[in-house]
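Chains as they are written, first to last, in numbering that gives the first Met the number 0: chain A, 0 to 352; chain B, 0 to 300; chain C, 0 to 262.
Since the hints were derived computationally from the structure, they do not count as laboratory data.
Keep in mind that the hints are not guaranteed to be accurate.
[Unchecked claim] If you only want the chain B side, here are some residues facing chain C, beta carbon under 10 Å, derived:
no.	residue
1	F34
2	V50
3	L52
4	L109
5	M123
6	T131
7	S132
8	S137
9	L143
10	V150
11	N168
12	M183
13	M281
14	I286
15	A290
Glycine included, each C-beta is placed from N, C-alpha and C at the ideal position.
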Amino acid sequence: MSTPVVSISGLSHSYGALTVLHELSLDIGPGEYVVLLGPSGSGKTTLLSILGGFLQPTRGQVLIGGRDCTRMPPARRPTTTVFQDYALFPHMSVGANVAFGPRMNGVNRAERARQARETLALVGLEQAFDKKPHQLSGGQRQRVALARALVMKPKLLLLDEPLGALDLGLRRQMQDELKGIQKRVGTAFVHVTHDQEEAMALADLLLVMQDGRIVDQGDPERVYTRPSTRFSATFMGENTLIEAEVTGVEGSLAMIKTPLGTLRLDRPGARLGKAAITVRPENMRLGAAPAGTVSFGAGTIAESVFQGSYRKAVVQSDSGQHIVLKLAADEPAGIGSRVELHAEPRHVGLLPG
Amino acid sequence: MRPETIRPRNLAAARPLRHDRDIAMTDAKLNWRTFLLVGPAALFTVLFFVVPLAAMVAVSFTAGGAASLDNYRHFLTQPSYVKALVNSLEVTLIVTAISVVVAYPLAWVLAERVPERWQRAALMLTILPFWTSYVVRSYSWLLLLAERGVVNRALMATGLLDQPLQLANTRAATVIGFVHFFVMLLTLTIYANFKQLSPSYRKAAADLGAGGVQTFLHVVLPLTLPGIMVGAFLTFVLAIGDYVTPQLLGGSNELLMPQLVIQQIGRRADLPLAAALSLILMLVISIAYLACARWLKLDRT
Amino acid sequence: MKRLIDLLAGLYALLAYGFIYLPIVVLVLFSFQASRFPLPPFTGPSLRWYGEVLGDAKFTHAMLNSAVLGVVSSAVAVLLGFLAAYGCARMRGGMGNTVRALLIAPLSVSYLIIGMGLVVLFNAVGVPKSLFAVGVGHVVINLPLCFAILYSQMNDNIIRLEQAARDLGAKEWQVLALVVAPVLWPALVASFVLSLTLSWDEFLIAFLLTRFETTLPVEIWTLLRSGLNPKANAIGAIVFGVSVVMVVLAELAIFGRGKKQKS
Chain A
0 MSTPVVSISG LSHSYGALTV LHELSLDIGP GEYVVLLGPS GSGKTTLLSI
50 LGGFLQPTRG QVLIGGRDCT RMPPARRPTT TVFQDYALFP HMSVGANVAF
100 GPRMNGVNRA ERARQARETL ALVGLEQAFD KKPHQLSGGQ RQRVALARAL
150 VMKPKLLLLD EPLGALDLGL RRQMQDELKG IQKRVGTAFV HVTHDQEEAM
200 ALADLLLVMQ DGRIVDQGDP ERVYTRPSTR FSATFMGENT LIEAEVTGVE
250 GSLAMIKTPL GTLRLDRPGA RLGKAAITVR PENMRLGAAP AGTVSFGAGT
300 IAESVFQGSY RKAVVQSDSG QHIVLKLAAD EPAGIGSRVE LHAEPRHVGL
350 LPG
Chain B
0 MRPETIRPRN LAAARPLRHD RDIAMTDAKL NWRTFLLVGP AALFTVLFFV
50 VPLAAMVAVS FTAGGAASLD NYRHFLTQPS YVKALVNSLE VTLIVTAISV
100 VVAYPLAWVL AERVPERWQR AALMLTILPF WTSYVVRSYS WLLLLAERGV
150 VNRALMATGL LDQPLQLANT RAATVIGFVH FFVMLLTLTI YANFKQLSPS
200 YRKAAADLGA GGVQTFLHVV LPLTLPGIMV GAFLTFVLAI GDYVTPQLLG
250 GSNELLMPQL VIQQIGRRAD LPLAAALSLI LMLVISIAYL ACARWLKLDR
300 T
Chain C
0 MKRLIDLLAG LYALLAYGFI YLPIVVLVLF SFQASRFPLP PFTGPSLRWY
50 GEVLGDAKFT HAMLNSAVLG VVSSAVAVLL GFLAAYGCAR MRGGMGNTVR
100 ALLIAPLSVS YLIIGMGLVV LFNAVGVPKS LFAVGVGHVV INLPLCFAIL
150 YSQMNDNIIR LEQAARDLGA KEWQVLALVV APVLWPALVA SFVLSLTLSW
200 DEFLIAFLLT RFETTLPVEI WTLLRSGLNP KANAIGAIVF GVSVVMVVLA
250 ELAIFGRGKK QKS
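Hey, can you work out the whole structure from these sequences and the hints?
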């Protein structure tokens, strides 16, 4: 990538004997929408606090815009944060809230009012300029918090579970808006969430964190379909996991021995030894394997539960595997039916260890 | 457990569980019960608060047994009486101002500078003297400020004075006595206000470029102002109606309203006048309340 | 810069605490005065005045009066406040608001006014000055507090418990006594203790409404009319000491229980 706007190297953080971040390294490109996804305790909020300057890491370096910002306080850092509870100053109007940052930077009254209006227009709340925060709805307050952060034209915008307090419908709507705004302003965003659907909808770069480590990173589609660790395979929705072994590597081809037979998959960087293969339920297909697909053998449908738009089914394969898949809602095959299963090679994930 | 043993205690009384929150309104049978519950307290309040107040108003408009405006006229025409009200207002405002100015920094230190573990203990320490009897505490200041008291002795011993100052039986003594009490009270209320402040506000201000002083001026101070106003109002109301401190510490040179009221009962047994004076005081308090009303709204977002 | 602020902060706190504790220190110190006047120089230590106070029937009697008055009036205030809070929680709309406003009203009025009102009323109907009259006055000032505290505790949780109890066949008084009261126990205790504290130390209403049987604050006041007296120091120190011990015990009890619940 072109010069990264954020570069983290060897970042560790401990509270006494408890280490919450282990040797993290990461590069974020300009204009990239990065999402940190993980359960509570994964260290994602700690990482965000360190990026924002609210916490100083015990080891490591944070470079923002090419400058070493590791020990820089939030006020001097080219980052702004949208807090989980928005933290809009209740005694100031919306306009005054958004103009607060420029005011702290010595911008005169007329100019900062103009900047505030401009940024509020960006989030669609120009008419709320004179209102007080308590007069706005949750979604509107969220947008004001965003405007307040954006008006500072930061190199990096940090969002701490910004949509957590909103109900489902509103959350989906705000996700679209966030993505749209980010594209328009072109600022790099780092967004923390535990909601995997939100993560996949928003991210250009998805980082899955567990116990203070980045266990998977990349394009959301790749991370979802072909996860590279057991954790990210099972954290983000259901998955079929079959124990396997890589018995041979020829160039970029890997020879994988499984209870269902031997597979040959194009997986550059595969290493010999214990492994697992994964297939997402929606990518598993019924029927004999056509040429060029991977066969998953035959088995019996053990469970089939109606879920509205699909049926969730579990097949007990003849070789003893549990295979999870999605069937059409009106699929005639039911419990006890004999089926054959297959999947496209690009939908098969290979995990080490 | 066998099914037969599971039985509601009283089949007739077992009603379907309704999740309706207006159960009290819809079930007519409950209404007389509600009356029974609330009745005693309401009746008591009416009998021993509302009726006495009404009686006081009635009595204040009598003199020598007959209806008359004499008491109020007396108040307005007697310069010493009006002076008492003016004194009360002056003293109370001074006390409120000084107490807030002294208590706010202390509350700030307690909330911001004392480590979390010790805050509870430090707070307890601050308000411990509350537990001396109020009368005795004012008396202690008399001890301190007396001609041969500790303060004078100390000042003379260090050579700052040759002769003892007249500290007791002055307005200054009253003010000091009041301030001592209200600094403790206000520290408590302002501290509570500080603790309620979400740390996100400070972080947000810092994030947007505000330094320590700026954060304090633009964020912390405005957001703790309502707490200050509530505390100040409380101080005003309690101080202006207090008899003990001015009587013990202020001496008889300058009278405040409560002293005037008690004087009418004691020496002159003039209940109507005392009633009138009390009501005038109550009026002043009500005016103060209306002036501060917008700060005292109990439900704030 | 931060160190300077910390230094100033510490200094300020020290001065403030000094100011707050100065009268207490002087009070307690001179309670051990051997000579007649509680003024410097300090001629103690002596327990002479403690002896005189504890041997003086007037004071021990007044202490007892204050205690009994406090307990009884607080109990009445808590009981009435509890029933009213419970009942009010089920009243919606205009009626409920009016009752609530009525019950809270005395909080906004000076003790002087409340006391004066009762003086006028009792004078008119011929109720003599007595501890009973003071008791009434103390309930008037404490009832709104108890009501406010207990009413704020009446939330949906309580209503659900109430409904569950009724569903299982409990009669109204059983719901109150066996379900609601135990659940609200901490608030009930807190209201009682608060009322007791306020009643115990209350001077003005007691002063206005007693003649022969008095409470401790009034007795102390009478003593003070005749000038500075180390007996007052002794009483003050005793009251302070007892209160401090009770507060510390209460803290340990609550704090200790809190700790146990955590582990």
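The hints, checked one at a time:
1. F34: 8 Å, holds
2. V50: 6 Å, holds
3. L52: 5 Å, holds
4. L109: With Cβ-Cβ at 8 Å, under 10 Å, it holds.
5. M123: 7 Å, holds
6. T131: Holds, because the Cβ-Cβ distance from T131 of chain B to chain C comes to roughly 4 Å (cut-off 10 Å).
7. S132: Since chain C brings a Cβ to about 5 Å from S132 of chain B, closer than 10 Å, the hint holds.
8. S137: 9 Å, holds
9. L143: Status holds, d = 6 Å.
10. V150: 9 Å, holds
11. N168: Status violated, d = 12 Å.
12. M183: With Cβ-Cβ at 6 Å, under 10 Å, it holds.
13. M281: Given a least distance of 5 Å, the restraint on M281 of chain B holds.
14. I286: 13 Å, violated
15. A290: 14 Å, violated
Checked against the numbered hints given earlier, the structure breaks hints 11, 14 and 15 and satisfies all the rest.
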